[in-house]
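Visitor: The lines below spell out each chain.
Protein chains: 4
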Amino acid sequence: MNTFGERFRLSIFGESHGAAVGVVLDGLPPGFAPDMEAVREQMRRRRPGQGEHTTARQEADEPEILSGLFEGKTTGAPLCCILRNADTRSGDYAPHLPRPGHADLASFAKYKGFADYRGGGHFSGRLTAPLVFAGALARQLLPGVSVTAGIREIGGHPAGDGCRTDVILAAKQDGDSVGGVIACKVEGLPAGLGEPFFGSVESRLAALLFSIPAVKAAEFDDGIRLAGLRGSESNRYPFGVLGGITSGKTLSFSVWVKPTPSVALEQDTVDLRTGLPAKLTVKGRHDPCIVPRAVPVVEAVAAVGLLDLWLIAGFPL
Amino acid sequence: MNTFGERFRLSIFGESHGAAVGVVLDGLPPGFAPDMEAVREQMRRRRPGQGEHTTARQEADEPEILSGLFEGKTTGAPLCCILRNADTRSGDYAPHLPRPGHADLASFAKYKGFADYRGGGHFSGRLTAPLVFAGALARQLLPGVSVTAGIREIGGHPAGDGCRTDVILAAKQDGDSVGGVIACKVEGLPAGLGEPFFGSVESRLAALLFSIPAVKAAEFDDGIRLAGLRGSESNRYPFGVLGGITSGKTLSFSVWVKPTPSVALEQDTVDLRTGLPAKLTVKGRHDPCIVPRAVPVVEAVAAVGLLDLWLIAGFPL
Amino acid sequence: MNTFGERFRLSIFGESHGAAVGVVLDGLPPGFAPDMEAVREQMRRRRPGQGEHTTARQEADEPEILSGLFEGKTTGAPLCCILRNADTRSGDYAPHLPRPGHADLASFAKYKGFADYRGGGHFSGRLTAPLVFAGALARQLLPGVSVTAGIREIGGHPAGDGCRTDVILAAKQDGDSVGGVIACKVEGLPAGLGEPFFGSVESRLAALLFSIPAVKAAEFDDGIRLAGLRGSESNRYPFGVLGGITSGKTLSFSVWVKPTPSVALEQDTVDLRTGLPAKLTVKGRHDPCIVPRAVPVVEAVAAVGLLDLWLIAGFPL
Amino acid sequence: MNTFGERFRLSIFGESHGAAVGVVLDGLPPGFAPDMEAVREQMRRRRPGQGEHTTARQEADEPEILSGLFEGKTTGAPLCCILRNADTRSGDYAPHLPRPGHADLASFAKYKGFADYRGGGHFSGRLTAPLVFAGALARQLLPGVSVTAGIREIGGHPAGDGCRTDVILAAKQDGDSVGGVIACKVEGLPAGLGEPFFGSVESRLAALLFSIPAVKAAEFDDGIRLAGLRGSESNRYPFGVLGGITSGKTLSFSVWVKPTPSVALEQDTVDLRTGLPAKLTVKGRHDPCIVPRAVPVVEAVAAVGLLDLWLIAGFPL
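Protein sequences, first through last, are from chains A, B, C and D. In this note's numbering, each residue carries its 1-based index in the first sequence increased by 140. In this note's numbering, each residue carries its 1-based index in the second sequence increased by 140. In this note's numbering, each residue carries its 1-based index in the third sequence increased by 140. In this note's numbering, each residue carries its 1-based index in the fourth sequence increased by 140.
Isolated chain A (complex conformation) (with noise of 0.2 Å):
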């Protein structure tokens, strides 16, 4: 469901286009003083509107916190965080007419029609703001830790410069989009942390890393390049985690990203009304490239599952 964790434990709500969407957070120990500067400027990072290669829906994002906070700091109660919905267009959405590459058809299915369409609904990237407010506070608390993403690749092209603009820019100008590469490198990480198996960190992050839309790809380690070499070449690498479990060293991880789905240019569906073949040109304000707000999002997700795996091993905040 919309859960995760088991120390620390948040609960993500809303649609795109509905009131509001938010978060729950249990688990946060009592005492706690957010710096709350430090949370908005998480938020500002992942912010559309904030350029040309970016949408230009416009969100205040300014975290309502509505519980679980006392004269400034945390009671140990649980935090629900609402962040209100502003700039809302939703007459731009047809929902007989599934966008190609979204979530529309397999809601279909599951939601059996009443799902919330407007703007994706509950599956729209609008939720990873409460992630990335999640995160802002779970980073602050691991001790000495350091999560840093960027990207690697954008469009299948090098990112050796920090973002490759020109390259979302020249898919926007053919009113297309391209996905990418996010890295991110955890420092400080003691050893010891996560399980074999199922609790493994590798498999507690990536079921948070495969949360965030269009995320299809995880690799932990530089595991794509290590299948390829000898056991006596790979056993020189640093693992961050081995067996499952963090070795002291730093951790690497990398994501890979879809397109976003949202195109300007006409597309083949189907009507659900009739059942036929139909054209669609999805409207919409939309970010030609997700990559670059992205990057706060892995860092977040990174941050909650670091900090569940620290509470679950017992280790002192």
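Some clues are possibly wrong.
Note that the list lumps identical chains together, so a pair holds whenever it fits in one copy or between two copies.
[What the hints assert, rightly or not] Cut-off 25 Å, straight-line C-alpha distance, at most; resulting in silico cross-link-like pairs (SDA-like, lysine to any residue):
(1) LYS325 / ARG365
(2) LYS423 / GLU146
(3) LYS419 / PRO188
(4) LYS325 / ILE364
(5) LYS312 / ARG413
(6) LYS419 / GLY284
(7) LYS423 / GLY368
Note that these hints are calculated values from the structure, not bench results. Quantities reported herein were computed from a predicted structural model and do not represent experimental measurements.
Guided by the hints, dock chains B, C and D onto chain A, whose structure is given.
Guide: What follows is chains B, C and D alone, placed relative to chain A:
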């Protein structure tokens, strides 16, 4: 911990050189008569000692069912199956010399030196035997679903012919090992399995796939290739999962397996008794390439995860 | 933590004098159109300020649904409902003087002094408002099931006439309070809900019933009386639950509620600042007897637990 | 399902007349050397065949530990313990004649006739043997905590002298059975265990206590008596749990156990093959009163639940 699943739940236990490995399966429907010959066939596929490219260790792996089966049919109560360990040579292991690329050091940090180190203990690939048993039951229960994995690469070489034993034997001759890539296809899944976010099909399967020792990367739906395409191209891909939910199309995924860390060559390590650098030659009988034996394990955990998602979705068996 | 349920899951949050209390409901089937007037009626039953035997605090308790409802129907995504707090008088509380019979001292041990102490904070009976909201939806979903609780005793006196306000008012006049006993009957349950052992109907419902503040005992199927009979007599009892599983007969249970700990009389306590004995007169507006307002709460949590068991069993809604 | 616990988790399995009953314990700390003689002593307390007031069935109940123990110490990996079944007389059972007061009919509804009916199958009190094993380890781990249960009533008679075998033997002579009440005291618990609401100490322990076959009521802290007092009196009670959280004072609770449903007298039932009324005389060897053997079971599940709460709270062992 060592438990996975919500409506079809498995708890695995055991160490490589202990009395037995095993699994408790909860949530099996009553009245199911497992085809035990088909179960044994799956166990055989994983079993070592079947050729010069695998370890010489012999294991009978005859499942001993202690509960949950009555007159050849499941009762609906938990089914416990144990697999006795045999042909162990515990003298081959030196606990004070952690083996490079193995979980030994991470395990030491977590278990404070009390883990059963013989043959990797609880971290051993031996624990995949109960996984294969669980998967062998799960696949019989999934109506009209086929789960078929195969080798895609060995040691960096495409495995068009099925296995590339040449590459494996070359590594073996050098006292070395190789890894590889396994691809899996699942046909016959209905649309509507899975959930957005943390309960996504990718999240659930990835958590299981990364439970398999040596798996370090996972891809769904050709995600790595798609990340380099434009949206207009990517949208034409026949996704098996969209928004975390099955689409009704074939579900494809691949995993990357690092080379067996146990190699016959001398390696550098640290003596835990003195903290000083030391030389280590790993003894014992090991697979120069674990990939062929991992193929049925990949199928098994996929079947386990899909049966759980199937029951969660309330689909009939 | 603050989450309950496997297939119908609720996460509650909030403090008595914070911005709001609320609940996230996950697992609601899509396409369900809640009768909001019936929901409001349940909220009204629990609401204070309805007579001289309850607290004078006024709460509108109009549910504000932030997600999961679209065009009046559930979407299948999580439904978040908040209830704003109003008419709070936070000045009435002295955090350094723990109130006898309240959670204050235990809360201090657990939350290290950071809990929101105003009005009991997260421990407040105010948190039962979101439980009643959750139950109001759950009972609408359970087909053919009725859940009906009533007062059995007040302050040790049988409540044949429904409430015994005489006993309550006598206590109130003395600046004191009383507790009581609530009995509940559930009609229309099919046979086959629940599991042996940890998932038994009694285990699941008891976990919920003991979540209600002040509940200190629970009985199923006249269990207290039956414990004094002989087996030949007891076996003739129409058990609603046997072996943890519903029998298809009426399910009966009762809970015992201790007296409201907030009394107007002067009491002994300890000053947490000095460690010295102190006198305390609890201020604020309090129910001289919480039992009448707990009746809809008992029904609500029963409905919540039974809907979860219903969905776990895979029964149709 | 058959799993309990978050940080100390147990999965039980087995049927009365199957090969074995057993338990998988996950979350045991590494390096703990169980006192196996003390474990056996707990098993002996529950074992039948120890006098004329218990069943004549003989069980050795020697724990066979398959995993998680190495050189006499826990490894930190799951510990699986099985207890072989012996001295079973399966011919004594007639599956088409459900026994009054037993789970037979409810089981039939749930498991559709496939349950192992011999000796109650998975519903048997035999499953409390692995619970006692689990509790025997848990109580050794809880530092400075004592868990002591005793009989409070047998067949409606106060058990000041410990057991009232006179009442039991009188019932036995009549071919009948009696139930009773067990009270338990836990000394040495620190303040701060448990959570408000669903994770309350009462909620967690009640879920376990109602897992014990035949338990039909549970009371904490003299809750039944307190419900009849005034608040000013009740507030003076030394509560072991307030707001769901331990107070640091002695925790007291009681459970009510219904009479053994297996009585030697002829009873009315229904023949499931014909749907017609039938007469049944339950054969087999049964306890005329299960209460004495349930005493160590009550202690065991309390220790299990408290160890889990202890680990959740992050307290050191």
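Visitor: Check each numbered hint from earlier against the structure, then list the numbers of those it violates in ascending order.
Guide: 2, 3, 5 and 6
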